[in-house]
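Novice: As a plain string of letters, each chain reads:
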Amino acid sequence: MAQKKKVNAIVHEQTELTTDIYDMWIDTDLALQAKPGQFISVYPHNASMLLPRPISICEADRENERLRIVYRIAGKGTEEFSKYHADQHIQILGTLGNGFPLEAGKGKKVFLMGGGIGIPPMLQLAKELEAEKQIVVGYRDKNLFLKSDLEEYGTVYVATEDGSVGTKGNVMDAIRENALDADVIFACGPMPMLRAIKKYAEEKKIPAYISLEERMACGVGACLGCVCKTREKDHHSHVNNARICTDGPVFEAKEVDI
Amino acid sequence: MSAQTNTKRTNTEVTIAGVTFKNPVMTASGTFGSGMEYSEFVDLNHLGAVVTKGVANVPWPGNPTPRVAETYGGMLNAIGLQNPGIDVFIERDIPFLQKYDTKIIVNVCGKTVEDYLEVVERLGDQPVDMLEINVSCPNVKEGAIAFGQKADALFRITKEIKAKAKQPVIMKLSPNVTDITEMAKAAEAAGADCVSLINTITGMKIDVNRRTFAIANKTGGLSGPAIKPVAVRMVYQVANAVKIPIIGMGGIANAEDALEFILAGATAVSVGAMNFVNPYVTEEVVQGIQQYMSKYNISDIRELIGAVK
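Chains as they are written, first to last, in the working numbering: chain A, 1 to 258; chain B, 1 to 309.
Since the hints were made in silico from the structure, they are not lab data.
Even glycine gets a Cβ: it sits at the ideal position worked out from N, Cα and C.
Check each hint, because a few of them may be wrong.
[Stated by the list, open to error] Okay, derived cross-link-like pairs now, DSS-like style, lysine-lysine, Cα gap no bigger than 30 Å in a straight line: (1) B/K243 x A/K76; (2) A/K229 x B/K205; (3) B/K243 x B/K309.
[Said to hold, decoys possible] Example chain A residues on the side facing chain B (calculated, C-beta under 7 Å, incomplete): (4) L51; (5) Y157; (6) L224.
So here's chain B without its partners, still in its complex pose:
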């Protein structure tokens, strides 16, 4: 109804590295599986993209439990990138997502550069729109974040992946660094098509009754609304440091939160931990952005990207 009554059609499409998304709302890797579980709650056709949980060259068992703990306005997790491996992923998850009119972004994880490259090459002939490289998971001992906390290491792995990748590459950045703009610049210099930020912030919770760590891994990644101001600040800083597009995330719970990221400089946004709280949140963010655009008479969402200087 509202679409017809509006005289001016609003455009919510955004384009990153030649891939056009019907709207800027995506799912944050690790919070949405490959979409199957939440397809009971939301219409995946309405999302800009589904960003899958990280997939490695072989199955990973992940960390011991407890893996999650609630904190004030947020949560800690140390799942440890449990995944069934690329074979199952290609056979099961990609065909599932292909049934929907949404873009597919596959999050890739690994312990060594070779691990990453193997997954990237296996995905080369798959109907996948973009790759997101997870060099920022704080919950696995080897690989992963080791590549994401030093600019020279990030540069090298980005370069190697770009040389092999058939799809555009997003480097997912860690906030657990002194200066995230240095990391973003390294990714850009190595040829990354996009950066996504932020991954979770390393944290810890102690259970005073049991006098032990709330999470078996001792530390976990903090996510949820508690981290949103940190994430918005980092997106703003990175937007002013690089020219490649940014996918912003960190505690987005509603359209207003998503718009903060877009105004700070993100071309698209991902909704993460809040899926666990409100399984309908992704579609609500999509609708809320459209309402905001109508209310302020904004015809093209691109007018909003980085509008706050």
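Next up, chain A with everything else stripped away, as it sits in the complex:
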């Protein structure tokens, strides 16, 4: 049974995929319970940095009990992580959040949309989702990452902000340029992208499941730091403030005010 726990884990290997983007495999039995769209919180060794860093699960290798995270250096904590080497011990809390609803996409024509550091959770989702998968990913420039991994599970369409690869622009531009359509959307990425997807899904009258991000402290639903506005009163807060860590991080776009 899935249970949240703080565990000691071991770095299996780490590589730099492109500038400031790192790819770490971690030996941990949390892999057994990991679901696509869930996240783990990783504790820095430097104890002056109290709070664990929430990072989405990119891949779960259940056979070898190994989790993969792909993250960007965003501050001192992730900078410390980027220096970790194989066999180093780390502490992680997981698995957190609810993940993507696989049943909502089963047997359908779907978009898996990832923007920048929102791309990694699309990989495990692509692996597990039984559907006609159109994977639309947006990058800043020609420094692509995870593209070949994703190509194993669906057709990949690329957009780059500078136009160096694929469609010039963002994931929405890539959909238009390739004249794509879908019955269901799964997405993770920066807020402007998620807003555009929410709008698009409302126009097309299709469900979109988006993964949100916010500054977190506890990661388990107690501190109420990482809330987002919801259309309906949620069962927990009763003030239209769902907890991204516990009630999310994946929400149906029409349910949240972003």
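Given chain A, work out where chain B should sit, using these hints.
Specialist: Okay, now just chain B, sitting in the frame of chain A:
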């Protein structure tokens, strides 16, 4: 095993205003919800008390995000006392806590004296052991801290609450004052049964990359190990200024930290921000205190309260 092998039984029970706690370890309001989330990690039966997140007469939406930011050895928060209101609290949170063999302390917040009194009266017939009155949250614009930064205002609200409360009353004090002993004395003079301290210290962090405040509320309450020396000092000062018991808190991360507060004069302690860092910390503090007592052959924890003069 260890309990049987010890020839001398150690007593960790403490009593505040007639309420006996199995040990002096509690949770700091706002860091533990009503215990549900952390019941996945710790056995609530092992805690002296669960102190709930502040509850008001009506639901409060809290502040915009970002609400939290990390600082060196600490964190800032400006949640803004988001809570579902007393109706939901009575229906959902109290029955949950009643399933456990621990004491229930409900933290009460409000914008006006009437707000506080409404909550206090609603809790009158509830199975709640004590009330903690939050007059020290730095993150809400009205009420709350306005009552906690002036001794005469604190005296008046304490008196009004004491007149209505059916349970013993703890006044939670703010460290954001010139002299916290004046506040503690005002609470005591008005009939408070206990004081708890410290609430968070008002702070600010600026994100130099975005050139804006790290927290949407601009200011937030600083908590975590960074504030512990300030908190221990204030507990010591208050212990020497009033006769009512003290619940000490501020950055407790382990049993040693908790014992500092007890030795400085606290009858009980609360673990706060460190729950976010180590979800097992409360039980670890309980166990660590027992180990300390065994190691130094202390039979009764009460011998330690205020032992450092």
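Novice: Next step is simple, just say for each hint if it's right about the structure.
Specialist: Status of the hints after comparison with the structure:
1. B/K243 x A/K76: Violated, at about 46 Å.
2. A/K229 x B/K205: holds (24 Å)
3. B/K243 x B/K309: holds (15 Å)
4. L51: Interface hint status for A/L51: holds (5 Å vs cutoff 7 Å).
5. Y157: violated (31 Å)
6. L224: Given a least distance of 5 Å, the restraint on A/L224 holds.
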